[in-house]
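Visitor: Model the placement of chain U on the given structure of chain A, informed by the hints.
Heads up: the protein sequence lines correspond to chains A and U, in order. Positions in the first sequence are counted from 1; adding 834 to them yields the working numbering. Positions in the second sequence are counted from 1; adding 2 to them yields the working numbering.
Since the hints were derived computationally from the structure, they do not count as laboratory data. Don't take each hint at face value.
[Stated by the list, open to error] Interface residues of chain A toward chain U, partial, derived using beta-carbon atoms under 8 Å: (1) Arg-1212; (2) Gly-1213; (3) Gln-1214; (4) Tyr-1216; (5) Gln-1217; (6) Met-1218; (7) Arg-1220; (8) Val-1227; (9) Ala-1270; (10) Gln-1272; (11) Glu-1310.
[Claimed, not checked] Footprint (simulated), chain A over chain U, 3 or more residues, beta carbon under 8 Å: (12) 144-153; (13) 156-162; (14) 256-263.
[Claimed, not checked] Restraint-style ranges between C-beta atoms, simulated for each label pair: (15) A:Asn-1296 to U:Met-241: 54 to 64 Å; (16) A:Ile-907 to U:Met-264: 55 to 65 Å; (17) A:Arg-1298 to U:Phe-118: 32 to 42 Å; (18) A:Thr-1163 to U:Thr-78: 47 to 57 Å; (19) U:Asn-191 to A:Gly-1036: 50 to 60 Å; (20) A:Gly-1248 to U:Gly-293: 38 to 48 Å; (21) U:Gly-293 to A:Ser-1199: 43 to 53 Å; (22) A:Leu-934 to U:Phe-118: 36 to 46 Å; (23) A:Asn-1296 to U:Gly-293: 37 to 47 Å; (24) A:Thr-1258 to U:Phe-118: 29 to 39 Å; (25) U:Thr-102 to A:Ser-1284: 45 to 55 Å.
C-beta atoms are modelled at their ideal positions from N, C-alpha and C, and glycine is treated no differently.
The residues making up each chain are set out below.
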Amino acid sequence: MSDKIPARDVTPDPVGHHEPRAVVQQEMYASRRHIYVREIKGFFQRLRRCANWLLMLAFFVTPWIQWDGRPLIWFDLPGREFHIFAATFYPQEFILLSWLLIICAFGLFFITVFAGRVWCGYTCPQSVWTFLYIWVEHRLEGSRNRRIKLDRQPMNLDKAWRKTAKHIIWLAIALATGVTFVGYFTPIRELVVELPTLQAHGWAYFWSGFFLVFTYLNAGWLREQVCIYMCPYARFQGVMFDADTLIVSYDEARGEPRGSRKKSLSHQQAREAGYGDCIDCDLCVQVCPTGIDIRDGLQYECITCAACIDACDSVMDRMNYPRGLIRYTTENALEGKPTHILRPRLMGYLVALLVMIGLFVWALSDRMPLDFEVERERGQLYQMTRDGRISNVFSLTLRNQDREDHEFRLEVSGLPGLEIDPDTLRVPAGASRRFAVQVTADAEVLELPSHPIQLNVQSQQNERIALERDTRFIGEARR
Amino acid sequence: MNNLWDDSLSGFWSAWIIVLTLGSIAFAFWILYANRKTDKVPDADGNVETTGHAADEIEEYDNPLPRWWFQLYVATIVFSLGYLLLYPGLGNFTGLLGWTQEGQWEEEVARAEERFTPIFAQYQEIPIPELARDEEAMLVADRIYQNNCAVCHGANAQGGYGFPNLTNDDWLYGGEPEQIMTSLVRGRNGLMPSFQTLGANNIENVTQYVLSLSDLEHEADRAEQGAAVYASVCAACHMPDGSGNQALGAPNLTNDIWLYQMPGQSVADSVRQTLRNGRNGHMPAQEAYIGAERVHLVAAYVYSLRFRD
Chain A
835 MSDKIPARDV TPDPVGHHEP RAVVQQEMYA SRRHIYVREI KGFFQRLRRC
885 ANWLLMLAFF VTPWIQWDGR PLIWFDLPGR EFHIFAATFY PQEFILLSWL
935 LIICAFGLFF ITVFAGRVWC GYTCPQSVWT FLYIWVEHRL EGSRNRRIKL
985 DRQPMNLDKA WRKTAKHIIW LAIALATGVT FVGYFTPIRE LVVELPTLQA
1035 HGWAYFWSGF FLVFTYLNAG WLREQVCIYM CPYARFQGVM FDADTLIVSY
1085 DEARGEPRGS RKKSLSHQQA REAGYGDCID CDLCVQVCPT GIDIRDGLQY
1135 ECITCAACID ACDSVMDRMN YPRGLIRYTT ENALEGKPTH ILRPRLMGYL
1185 VALLVMIGLF VWALSDRMPL DFEVERERGQ LYQMTRDGRI SNVFSLTLRN
1235 QDREDHEFRL EVSGLPGLEI DPDTLRVPAG ASRRFAVQVT ADAEVLELPS
1285 HPIQLNVQSQ QNERIALERD TRFIGEARR
Chain U
3 MNNLWDDSLS GFWSAWIIVL TLGSIAFAFW ILYANRKTDK VPDADGNVET
53 TGHAADEIEE YDNPLPRWWF QLYVATIVFS LGYLLLYPGL GNFTGLLGWT
103 QEGQWEEEVA RAEERFTPIF AQYQEIPIPE LARDEEAMLV ADRIYQNNCA
153 VCHGANAQGG YGFPNLTNDD WLYGGEPEQI MTSLVRGRNG LMPSFQTLGA
203 NNIENVTQYV LSLSDLEHEA DRAEQGAAVY ASVCAACHMP DGSGNQALGA
253 PNLTNDIWLY QMPGQSVADS VRQTLRNGRN GHMPAQEAYI GAERVHLVAA
303 YVYSLRFRD
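Isolated chain A (complex conformation):
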């Protein structure tokens, strides 16, 4: 049994029936029981390990890769520039980030409807780092049984060095994680020199330290408690499940009644002797990183890492029983009903996901690396030039968000014979420049006190980079 908070039957007694219930001292807040996770090999564990390695590699290596002389991914907060691969983004484009987050959310919903909590088991950083920490623990303190024994021992030299070494390696991994994380915000090649020589910025120390401490605590000490008590996803993923969602499940019909038996009994003989396929070896419980017994049915603690599947399959192989007593299956399949993978709910999420991806790709490809603002001169509405024409002054702000310098051609339209001065504006890469420009019109064309006009900038270097703004030309109405 897992040591979840025990359930209590609070069904109201039938009227007139006052049989006292069993007195149970309720322990409201179960203290944590340390979970000794047994290491298991198998198909899904290989899959998970591959995913973990890839993700770790991506996380640790990315900041070191250079592109155009700058890190491949660099969130330059003080400079308010976000370099991602070949593109540079600015805070004004944060809408893209929200698209991206929406895509991630729909991706998560889609995969959850399809295959439950697989994100948690295979790719969630909490799991990835926890598995890495458990791997270190296993190498230093031995297998599950040896670890239990070691923890029960009084302190001795052997225990002391193993524990010390474990924590040192854990802290080293945490340090690498913290420094790498900060490396996404400040170029890591300089950071790894500055940090030990005490030349780095105070915040670099703070955040490296912050992520060091929390990586160590989360993956070393808290582990499954994060998944069970802290992670909000565990709380709402249940609403996305239905009877056709792939879940890790114990086939009760096949396994029960469980019990140990002589190994000499063949599958057939065991069946005839009234045994189910489950030999009650408890391996599925021992390998579970959240410490649940999958045979109790679907539980929200299950992170779908499939360790129990691999454990059970290895036992089934040894018993010469068919595999799959615990397997990825659906509630419908377990009940012998047909499973509909392509159901409307899943398709709905898929369509939403594809629409969001489409919008994101469109927004990204349509993204204009230019910001163009037009303000009317504040001092006066209009002026008269020496040759009797009417002029308006506009304050233009151009922000070149491209990686190369641009010379912009400025044009004005909306009234016949409009002239603009200056008509070329040069803005260096990444810079913002303000220009005062004068638009002049013949007094004769002004029929109204105010006419809508358009200002248009067009890059000479890249014709796709062009923007138009509406504004008004103010003068005196023709009398």
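Guide: Positioned in the frame of chain A, the structure of chain U alone reads:
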């Protein structure tokens, strides 16, 4: 603190705020303690107390708050009391740290000064004609100009009614670096007295003469009569030939630049109005507002306008 506005409260309202604030905290603390439970021993029948709430036959235990939660609540109260002790929040009590918004602003100004002073000091070493060709410096100067000068002289420095255009080569007080500096440091006061006393006829004659000085359409005989009046009254400042005098700030009357010509107004009307009512142009001294370093930069900026294409 020397405030323009005395924002302290009268004794009653100060006390009112203190009582309300501390009362609320005390009330929150009382609620917490009054509802505190410490034990949860089942009764003789083994029933644990419930709140009486039931949904789908699931009843809610009436349990004490988790201890960490309770302690967190107490901690927030302790925090708020500590905060009110250190920072202003209780009526007129300014807090032990003596923190004020104004102090924070002053700190930020001091930080900015510390950062920018060396940059400005560096620029101040550079002579104006050279500085005017420094692109970086002119970007900085543009900001100062836009914040302090553009409201009168325009975003593009082309001036407006009564405000001189800074982009042409017609200067009331001269456009050399020293003269621009003087205008900025000391300000200028351009006074054209009213000549109402000359009488309407003479004013009209002088107007026609002024038009003739810049080859504008005029009545020749009136202009001829005006010339004599001009020589005795106006030539002292505007010079006998009408070329103006930069030492006095008297405008050149022989070109086609008219400082006080409103859009739609004829030059003749403008000159008439000037003669009748006089003019008083005022350029405020800037050094007191923006400091010597910025004045130097702005002078270079104004000087640089002549290089604009």
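Visitor: Classify the hint on Tyr-1216 of chain A as holds or violated, based on whether any CB of chain U lies nearer than 8 Å to its CB.
Guide: Holds: closest Cβ of chain U sits about 6 Å from Tyr-1216 of chain A, inside 8 Å.
Visitor: For the hint on Arg-1220 of chain A, just tell me whether its beta-carbon gets within less than 8 Å of chain U.
Guide: For Arg-1220 of chain A, the interface hint holds, since the closest Cβ of chain U sits about 5 Å away, which is under 8 Å.
Visitor: Report holds or violated for the interface hint on Gly-1213 of chain A, using the least CB-CB distance to chain U and a cut-off of 8 Å.
Guide: Holds. Min distance 5 Å.
Visitor: Given Val-1227 of chain A was flagged as interface, is its beta-carbon under 8 Å from a beta-carbon of chain U?
Guide: Where the cut-off is 8 Å and the nearest Cβ of chain U is about 5 Å from Val-1227 of chain A, the hint holds.
Visitor: With respect to the beta-carbon atoms only, verify the hint that Asn-1296 of chain A and Gly-293 of chain U lie 37 to 47 Å apart.
Guide: 42 Å, holds
Visitor: Lying within 32 to 42 Å: is that true of the beta-carbon distance Arg-1298 of chain A to Phe-118 of chain U?
Guide: 39 Å, holds
Visitor: How about the segment 156-162 of chain U: do at least three of its residues have a C-beta closer than 8 Å to a C-beta of chain A?
Guide: It holds: at least three residues are needed, and the segment 156-162 of chain U offers 6 whose Cβ sits within less than 8 Å of chain A.
Visitor: Regarding Thr-1258 of chain A and Phe-118 of chain U, is the given constraint of 29 to 39 Å on their beta-carbon distance met?
Guide: At roughly 31 Å between Cβ atoms, Phe-118 of chain U and Thr-1258 of chain A fall inside 29 to 39 Å, so the hint holds.
Visitor: Honestly, do Asn-191 of chain U and Gly-1036 of chain A meet the 50 to 60 Å range at C-beta?
Guide: For Gly-1036 of chain A against Asn-191 of chain U, whose Cβ atoms are near 53 Å apart, the range 50 to 60 Å holds.
Visitor: Using 8 Å as the Cβ threshold, decide whether Gln-1214 of chain A counts as touching chain U.
Guide: 5 Å, holds
Visitor: Return holds or violated for the Cβ distance of Asn-1296 of chain A and Met-241 of chain U against the range 54 to 64 Å.
Guide: 56 Å, holds
Visitor: Met-1218 of chain A was flagged as interface toward chain U. Is the shortest Cβ-Cβ separation under 8 Å?
Guide: 4 Å, holds
Of the numbered hints listed earlier, not one is contradicted by the structure.
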